[in-house]
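Trainee: Chains D and V supply the protein sequences, listed in that same order. Mapped onto numbering that gives the first Met the number 0, the consecutive letters of the first sequence carry residue numbers 0 to 233. Mapped onto numbering that gives the first Met the number 0, the consecutive letters of the second sequence carry residue numbers 0 to 233.
Everything labelled a hint here was simulated from the structure, so no lab data went into it. Honestly, I wouldn't trust all of these hints.
The list cannot tell twin chains apart, which means a pair is met if one copy fits it or any two copies do.
[Unchecked claim] Using 25 Å as the maximum straight-line C-alpha spacing, the simulated SDA-like pairs for lysine to any residue come out as follows:
#, residue 1, residue 2
1, Lys79, Asp44
2, Lys79, Arg181
3, Lys230, Arg148
4, Lys174, Asp44
5, Lys174, Leu107
6, Lys230, Ala46
7, Lys230, Leu52
8, Lys230, Arg51
9, Lys230, His54
10, Lys79, Gln50
11, Lys174, Ser186
12, Lys197, Phe106
13, Lys174, Glu213
14, Lys230, Pro201
There are 2 protein chains.
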Amino acid sequence: MPQGLAKKQTPLDVPLHSDVHAQFGRFVASPQTTGADIIWHEGADCAALRQRLMHQYPATLWLTGLSGAGKSTIAFALEKILLERGHSCFVLDGDNLRHHLNSDLGFLAADRRENLRRAAEVAHLMNEAGLITIVALISPFANDRAMARQIVNTQRFIEVHVSTSTELCESRDTKGLYARARKGEISEFTGISSPYEKPVAPEIEINTELCSIEAAAQTLHAYLLANNFIKSNR
Amino acid sequence: MPQGLAKKQTPLDVPLHSDVHAQFGRFVASPQTTGADIIWHEGADCAALRQRLMHQYPATLWLTGLSGAGKSTIAFALEKILLERGHSCFVLDGDNLRHHLNSDLGFLAADRRENLRRAAEVAHLMNEAGLITIVALISPFANDRAMARQIVNTQRFIEVHVSTSTELCESRDTKGLYARARKGEISEFTGISSPYEKPVAPEIEINTELCSIEAAAQTLHAYLLANNFIKSNR
Chain D
0 MPQGLAKKQT
10 PLDVPLHSDV
20 HAQFGRFVAS
30 PQTTGADIIW
40 HEGADCAALR
50 QRLMHQYPAT
60 LWLTGLSGAG
70 KSTIAFALEK
80 ILLERGHSCF
90 VLDGDNLRHH
100 LNSDLGFLAA
110 DRRENLRRAA
120 EVAHLMNEAG
130 LITIVALISP
140 FANDRAMARQ
150 IVNTQRFIEV
160 HVSTSTELCE
170 SRDTKGLYAR
180 ARKGEISEFT
190 GISSPYEKPV
200 APEIEINTEL
210 CSIEAAAQTL
220 HAYLLANNFI
230 KSNR
Chain V
0 MPQGLAKKQT
10 PLDVPLHSDV
20 HAQFGRFVAS
30 PQTTGADIIW
40 HEGADCAALR
50 QRLMHQYPAT
60 LWLTGLSGAG
70 KSTIAFALEK
80 ILLERGHSCF
90 VLDGDNLRHH
100 LNSDLGFLAA
110 DRRENLRRAA
120 EVAHLMNEAG
130 LITIVALISP
140 FANDRAMARQ
150 IVNTQRFIEV
160 HVSTSTELCE
170 SRDTKGLYAR
180 ARKGEISEFT
190 GISSPYEKPV
200 APEIEINTEL
210 CSIEAAAQTL
220 HAYLLANNFI
230 KSNR
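Only chain D is shown next, with the shape it has when bound in the complex:
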């Protein structure tokens, strides 16, 4: 988690219309030294420049749910909708991250938590860069998701529970992982041999048993519009 930094909200000079999310800012900290002789470097405050350039307020949509629930598919569908409408965005997919940034991590509890921490830190960096970030990560534990919310910035964090049931995910079993988990070939498999703690108050819940992937992505797009992260005239 961010540490040693005094966080300060700086209102942007081009605010969108009245909205709980209207007052954003960039984490700004005074130059200071940590115990490790690290100085915090601060550039010119570019948040306003970025906002004018990108015509949007950065946010992180954090899609949580079981393996096979549809998180990645929804994430990429939303990415396409946003890009086609001129909004800069990026998908951080949990599986893809494990090929690159998190390729050194395994699946024990500490590694899973570190996997999630890094995803949240990168989402935060991408938000600072002005992007809308879409994270698709099982993230089964409430504590870990609360950590992600803090790292990203509470005002920018949109928790999306992709609540497809274990039964349906297992019946789909697109990756064949449920079958292997049932055989005991994969340990600590979420929904089978490891718990999934359902979000108590997610900003959005999507059940792909009740709607199509396209409809799910449209729901997320509509949320961004309704909350003034993006405007409709693009």
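Following the hints, position chain V against chain D.
Mentor: Only chain V this time, still in chain D's reference frame:
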């Protein structure tokens, strides 16, 4: 490092003018499983959409040099120039990363290498998202910089040696770190008690003894223009 992925270059449909950098693409991989049961998810190929949206080709400027050489200051000056001209970009500053993404890492050799690896992976992700990324990191070892070049993508990697001499950096000693290193309070301090391996063939060399910070940033901006990463009419 990226592993298990077959890289394929996909030409963009809106190429800039003739240039060695004109043929870019997004790393694309066929769905496959690694030993850890990780599936590679691929979204709609959004590289062309991003290029049209952002009017630029992503690149990573990797500023290497001694502590106090001027890397961060040049990086933030360049960021401002680019943003004012409508180019989406972001500075990944080594010290700042250590407050967040890399806050779990120390200063032993393995940790320094991991620090650099993660910076390169994030630069790669930001490039994939369409951003021009500016990394300011001492990165004293040639092997590590070669790793960064591979992770980022050779065609997008611009090594910038900020070659201010040890003598001048030490005489500036803006952070007071050289004095402490001389007293032995900081071990393995680059330039004093740990070597700095000068880049043999960096794309750009900048010596802040010979030019101002503003001129240094303008040089990098001119390089991006000359190599068609960005256009001048913005």
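Trainee: So which hints don't hold here, by number, going up?
Mentor: 2
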